[in-house]
Amino acid sequence: MIEIRRVNFSYWDKQILKDVSFVVDDGEMVVVMGPSGSGKSTILRLILGLECPHSGQVLIDGQNVCVMKEKEKQQIRKKIGMVFQDGALFDSMTVGENVGYYLLENSRLRWEEIADRAAEMLGFVGLDPNEVGDKLPEELSGGMRRRVAIGRALLSTNPRAMLYDEPTTGLDPNATQNVLGLITKLHQEKGIASIVVTHQIADALNIADRFVVIYDGEVAFDGDQDTLRACQDARVKDFLLPFRESFERVARKKFIGLEQG
Amino acid sequence: MAYQSQSLFFFSGRMILSLFTRPFYITETLEQMYLIGVGSLFLVVLTGMFSGQGFALAFSQELATFGAKDYLGRIMALAIVRELGPTLTGLMVAARVAAGITAEIGAMKSSNQLDALVGFGIDPIKKIARPRLISLIIMVPVLTIVCDFVAIAGGWVIAKFIANVSTTVYWSYVIDKLNFGNMFMGLLKPIVFSFVIAFISCFYGFTSGGGTKGVGRATTNSVMMTSITILIVNFFITKVVGSALRGYQL
Chain D
1 MIEIRRVNFS YWDKQILKDV SFVVDDGEMV VVMGPSGSGK STILRLILGL ECPHSGQVLI
61 DGQNVCVMKE KEKQQIRKKI GMVFQDGALF DSMTVGENVG YYLLENSRLR WEEIADRAAE
121 MLGFVGLDPN EVGDKLPEEL SGGMRRRVAI GRALLSTNPR AMLYDEPTTG LDPNATQNVL
181 GLITKLHQEK GIASIVVTHQ IADALNIADR FVVIYDGEVA FDGDQDTLRA CQDARVKDFL
241 LPFRESFERV ARKKFIGLEQ G
Chain L
1 MAYQSQSLFF FSGRMILSLF TRPFYITETL EQMYLIGVGS LFLVVLTGMF SGQGFALAFS
61 QELATFGAKD YLGRIMALAI VRELGPTLTG LMVAARVAAG ITAEIGAMKS SNQLDALVGF
121 GIDPIKKIAR PRLISLIIMV PVLTIVCDFV AIAGGWVIAK FIANVSTTVY WSYVIDKLNF
181 GNMFMGLLKP IVFSFVIAFI SCFYGFTSGG GTKGVGRATT NSVMMTSITI LIVNFFITKV
241 VGSALRGYQL
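Sequences listed follow chains D and L, in order. Just so it is clear: in the first sequence, position 230 is 230 by this note's numbering, and no numbers are missing. Just so it is clear: in the second sequence, position 11 is 11 by this note's numbering, and no numbers are missing.
Hints are computed from structural coordinates only; laboratory data are not their basis. Be aware that a few hints might be false.
[As the list claims (entries may be wrong)] Straight-line Cα separation of at most 20 Å, EDC-like style, residue types lysine to aspartate or glutamate; simulated pairs: (1) D:K71 - L:D123; (2) D:K185 - D:D209; (3) D:K79 - L:D123.
[Unchecked claim] Over 12 Å on every C-beta distance to chain L, these chain D residues come out as not near it, computed from the model: (4) S21; (5) P35; (6) E51; (7) G56; (8) Q57; (9) G62; (10) V67; (11) S92; (12) E105; (13) A149; (14) N178; (15) K190.
[Stated by the list, open to error] Between beta-carbon pairs, the in silico distance windows are: (16) L:G13 - D:E131: 45 to 51 Å; (17) D:K71 - L:N221: 29 to 35 Å; (18) D:Q15 - L:N221: 24 to 30 Å; (19) L:S7 - D:W111: 34 to 40 Å; (20) D:D116 - L:L178: 54 to 60 Å; (21) L:Y3 - D:G37: 20 to 26 Å.
Every residue, glycine too, gets a C-beta built ideally from N, C-alpha and C.
With these hints in hand, go ahead and build the complete structure from the sequences.
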């Protein structure tokens, strides 16, 4: 469904992505990992057509986003929901208005109907609409904001793919589990393809089977968890070194699960 | 600098084009009109009042030495309507509104809200910048008229109670000077200033970067650039339009 093909991208004279290629199929969950500043978030922006690569192609269902006009990009964006870092909720609107924003702007539905759908969506993402619906985003915790952002993306576009930019950064362990649970639920129940950008390995290992490691703008690894553990690439080893413990813990959990299963 | 000027030029072009394309965000425009107009009213009234009084005080003393203090109304109307009113209003609105616009848009940009809008198929220029431009085009002239009136009225207080100029004489000279040429100049300037304020403040907001510090820097630059541009544009309008209107009584 989504293919990044030999993409190069620079901000001014600094090259961010170098010859990056990978494919995400329908219903697949891929985690893009890498150190801060390695170009992970840029990949999501390229997929959504917010930036254009200097060379290479970003293909959605075989169509190159980079050469599309703005109106065509809008059609592509209807297939893809994006959850920005920190949620990017509109801070002058209530939570309910945030979730129903797309319908408010792009449909002829009455506000009462939109509010009902927004409330339903808030319930789906595990929030009490009566409690949070009339609050401003600044009154919510970080984890709640991310869940509202996920709800907003879902209600907006009814997406076939979701892009998550650092969905758990800065959250406490409970909130992290809630958000990861929601991402997994969406992936499993709705079959939505997901690209999760994170530098938090423990989270990545918990939700995905396929990993792409971006290091210094290049794809240093693309494969499953076992291959990742065994990977001998110096860049990947360097990135994963501080997280060996997380690896062992996840592997132990899986082993126990297998034994019990 | 050249690159930034070029970007500002293209950005301004996009803002002007957006004026003629749907959708029109009427609620946002009305909200901005209220924020810009009503929000700046007190500041403009205060500025107009004290500037008018100070101006009248200085000129009444100078005119008295020639025995021409009765002409205070003429000078007040001419100076306030053509020059001081539009410039002071422009500068006050620039200080208050341009800073607000740049800071708000900059904050939206740094928290990815502008990208989120694009993701929902909404053009941020139409949704965010255009309502501010339209509101400024409508409200800055209105505020200028208020400022002119308050400044001239402030001059009347000085004329009557300090310079001992008759009320009838003062106001008849004021009305005499409110001719087409002066009124045209006095209303053209705020309209041009509103474009200057909207273009520069929105541009700095949309192009800000570097987090909170970057937004702060963009806001400072926006106010500085807007104020300087208003003063420069004011001079050129006076020069060019003044020459063009020479056929009319100024």
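Checking against the hints above, which ones are violated? 6, 11, 12 and 13
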